[in-house]
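Colleague: Spelled out from the first residue to the last, the chains are:
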Amino acid sequence: MSAATARRSDLRYRLSLNLRSVFGRAYPRVIGANREPSWIFFEALLPLLGIAAYVFVYEAFRDRAIAGLTDPAQIEAIKATTDGLVASVVLGGTMVAFWLNVLWSMASQLYWEKEIGNLQLYMMAPMNRMALLGGMALGGMFMTSVRALSTLVAGILVFGVAYEVADPLTLVAVFFVTLIALYGMGMMFASLYLLWGREAWHLSALLEEPIFFSSGFYFPQAGLYQVGGWARAVAIAGTFIPATLGLDAMRQLVLGPTAFGGQLWILGVGQELALLAVFAVVFLILARYALAYLEMLAKREGKLTSRHQ
Amino acid sequence: MSTYWRTFKTAAWLGWEMDSNWTEPWLFALYSIVKPVAGAFILVLMYVVFTIINGVQDLSAFSYMYIGNSFFIFVASTMFGTFQVIQSDREWYQTIRYVYISPISYYVYIVGRAASKIAVAAFAVVVTLVFGVAFLNVRIDFALQDVPMFLASFALGLGVLLAIGICLGGISFLTAKHTHGLAEGIPGIFYVFCGVLFPLSVLPDWGEAIGRAIPLTYWFDITRRLLAPDSSIDATLAGYDDGTILLLLLVSSIVFFGLSVFIFKTGEHLARKAGKIDMTTSY
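Taken in order, these protein sequences are the chains called A and B. Take the first sequence: its position 266, counting from 1, is numbered 282 in the working numbering, and each next residue is one higher. Take the second sequence: its position 203, counting from 1, is numbered 204 in the working numbering, and each next residue is one higher.
Take the hints with a grain of salt, since some may be wrong.
Said to hold, decoys possible - EDC-like, lysine to aspartate or glutamate: derived pairs with alpha carbons at most 20 Å apart:
1. K36/B to E75/A
2. K36/B to E215/A
3. K36/B to D79/A
4. K95/A to E92/B
5. K36/B to D20/B
In short, the hints are calculated from the structure, not lab data. Remember, predicted model here, so these are calculated numbers, not experimental data.
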C-alpha cells in the first residue's frame, strides 16, 4: 500500500478532510452571503409584507364578524381566536424562509452548480459528497435562521403578537429536528433534481404555493381534515413535508394545546417530534442513496456536467 | 418602430420557448394552473378555518378576497416576468453581454420576454375564476356592456405593472441575485396596500394613504366593481366613479412609464459605470 493510499484510508485524515469540506461549503453561506447587506431588505423585511397581507385578511374577517354583534363575550372570543390565527400566520410566514431555502438553495443547488460550472470541481475533489451537501445544509440553516429570526422579531413587534412558551426545551428540540428533516429532504432532492434536469427546476417553483397550502403555513393544517374528502388527502400528503408537523408542534408549544378549542391540531407534540425524528433519519439515508446513484450515473453516462439539460 | 416591434416579437418568442420548452404542453399547462390555484386555496382554507372556529360565514368577504387574489396572479407574473430577465440572463444563462451589445432596445426586449408570462397568467386567472364560480360559490355578475371598460382598465393595469417591473429591473442591474426575494417581496407590497384581499379600511391611516397612492389599488377596485357589482364590501373608494378611476389609471400609467424609463436608464448607467452589467453573485 502506497503512503498516499494509506493516508487516504486513515480515519482521522478522512474525518478532518470532510469536516473541512463541510466548513468550506458552509462558509460562503455564513459569511459570504452576509457581506451583501441588501439581504436585510430583500430577505428579512420584504417577507414581512406577505405575512402582513394574511394578518390583515384575518383582521378583515374579524372586523366583519364582530360588526353586527352586541354580546361582549362573543366579541372577545372572536378577537382571541383571531389573535391566535395571526400568531399562527407570523410563525408560519417565518418558517416559509426555511422551505424556500430548502427548495432554491438546497434542492436546486447542485443543478445550479452544474450550470455555472462548479459541479465538476466538486466531483473531482477528494471529499465525500455528503460533506458537500452537509456544508450546504448547515450554511443554509444558519443563513436562513438569521433571516427568519429577523422576520419573526419584526413580525412580533409590528403585529403585537404574544407567544407564551411553557416548554422552551421541547420547542428548541422541535425546531432543530424539523430543520434537520427539512434539510435532509433538501439534500435528497439535490441529487434528484440534478437527474431530472430542467423539469426539476420548475418543480421547485411548483412546490411553493401548493406546499404553503398543504402544509398549513398560513392556517392550522388540521383545518384541512375538517373540510374532509379531497382536503383530507391533501392534508395526509402534506404531512410528509417535515415543515407541516414541525409547524403544528411549534404552534401548540407557543399558543398552548387548548388554542382554537384544541380542535385544529394534527397530533400531540410528542408524537409529532417522534415522527419528525424518523423523517430526519429517513431523509438523510435517502439523500445518501440518491447521491450514490447520481455518482454511479455520472461515471456510466459521462454527461453529468453537460449544461442546460 | 419596426425594430421595436421585431425585438418585441423575437423576445416574446424567446420567452415562450424558455418558459415552455422543457416539457410537454399538457404538463406545462398543469404547472401553470396548480400554482395559482393552490395560492387561492390558501385563502379558501383561511376562510374555512376562521368559519370553523367562530361559526360565522361571510360570502361577500370571501368573494371580494377571491376575485382580488385571482387578478393578483397578473401582478406576480408580470412583475416577475420583467425584472427576472436581467438576473436570469446575467446569472443563470450568462448571455446578457451578448444581448446587451446587440443593436436592439433592451427595454423592449424585457417587455417582450415578459409577454409569455402574461399570456400564461391570463390562462391561470380564467381557470381560477371559473373554479371559484363553479365550486366555491364565488359571486360574479359581469354585464356585457361593461366589457369595453373592463378591457380598457385591464390594458392600463398591465401597463402599470410592466412599468413597475421595468423599474425593478433597473434596480436589479445593481443588486445581487435577489430574484426570489424580489419576487416574493415586491408583489407583497401590492398584496398588502392595494386592497387585493381586504378593503383599505382595514389598514391603519398611513397604510390606507399608501394604498391610495398606488395605481393598482384603482385597477383592483374597478375590476371588482365590474365583476361583482353587488358586493356589500365597502372598498373605501366609493367616492370615485368608474370614469374617474379609469382616468386615474391612465394618468398613472403614463407617469409610471416615464418613471420606468428613468430608473431603467439610471440603473443601466450606474451598472455600466461600476462594471456590473454581467456580474455573477452566486453563493
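Colleague: Next step is simple, just say for each hint if it's right about the structure.
Modeller: Hint by hint, here is what the structure shows:
A distance of roughly 25 Å separates the Cα atoms of K36/B and E75/A; the hinted pair therefore is violated under the 20 Å criterion. For the hint pairing K36/B with E215/A, the CA-to-CA distance comes to about 15 Å; that is within 20 Å, so the pair holds. About 30 Å separates the Cα atoms of K36/B and D79/A, which puts this hinted pair outside 20 Å; it is violated. With a C-alpha separation of about 47 Å, the suggested pair K95/A and E92/B falls outside the 20 Å cut-off, and the hint is violated.
Only pairs whose Cα atoms come within 20 Å are accepted, and K36/B paired with D20/B is accepted, the gap being roughly 15 Å.
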